[in-house]
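Chemist: To convert a position in the sequence shown, counted from 1, into my numbering, add 1.
Hints listed in this document are in silico derivations from the structure and should not be mistaken for laboratory results.
Because the structure is a prediction, the values reported are computed rather than measured.
Glycine included, C-beta positions come from ideal geometry on N, C-alpha and C.
Please note that a few of the clues may not be correct.
Using C-beta positions, here's what the derived DEER-type ranges look like [to be verified]: (1) Lys46 to Leu108: 17 to 27 angstroms; (2) Asp93 to Arg11: 26 to 36 angstroms; (3) Glu34 to Arg88: 17 to 27 angstroms.
Heads up, simulated EDC-like pairs for lysine to aspartate or glutamate below, C-alpha to C-alpha not over 16 angstroms straight-line [said to hold, decoys possible]: (4) Lys46 to Glu12; (5) Lys15 to Glu34; (6) Lys56 to Glu34.
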Amino acid sequence: MGRPNLRLRREVRKLFSSGVIYHGRWMHVRSGESLFPNVMISIRKRFGGAVLRNKARRRIRAICRDILPNGSHGQLLLISIADGASRTCFNDLRNDLTSAFSHLGLLDQ
């Protein structure tokens, strides 16, 4: 049994090569089938200081828990937050993420 982070790295590479991507106003969401269903959140340092980045991660996690209460059902999700999202409200992020999950077919499950 290999180290989990190496297996996850392989899954992320597979996600970038063959996954489906949704381009929203405030975020990009990549989705692909995976042995390690997980939701990963990526925020660049250009977004802002650590407090702003952590606040954005908490908001996205709260939205994901609300929209997908049972998890991502065998899907590896990579949510990349745009730099301008630090100035947006919670409802705009929620609407963008809801439309992303709907486009990727995760709400029908």
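Chemist: Against each hint, give a clear statement of whether it holds in the structure.
Modeler: A quick look at each hint next to the structure:
1. Lys46 to Leu108: 17 to 27 angstroms: 32 angstroms Cβ-Cβ, so the 17 to 27 angstroms window is violated.
2. Asp93 to Arg11: 26 to 36 angstroms: 34 angstroms, holds
3. Glu34 to Arg88: 17 to 27 angstroms: Violated, since Glu34 and Arg88 (Cβ atoms, about 34 angstroms apart) do not stay within the stated range.
4. Lys46 to Glu12: 24 angstroms, violated
5. Lys15 to Glu34: 9 angstroms, holds
6. Lys56 to Glu34: 28 angstroms, violated
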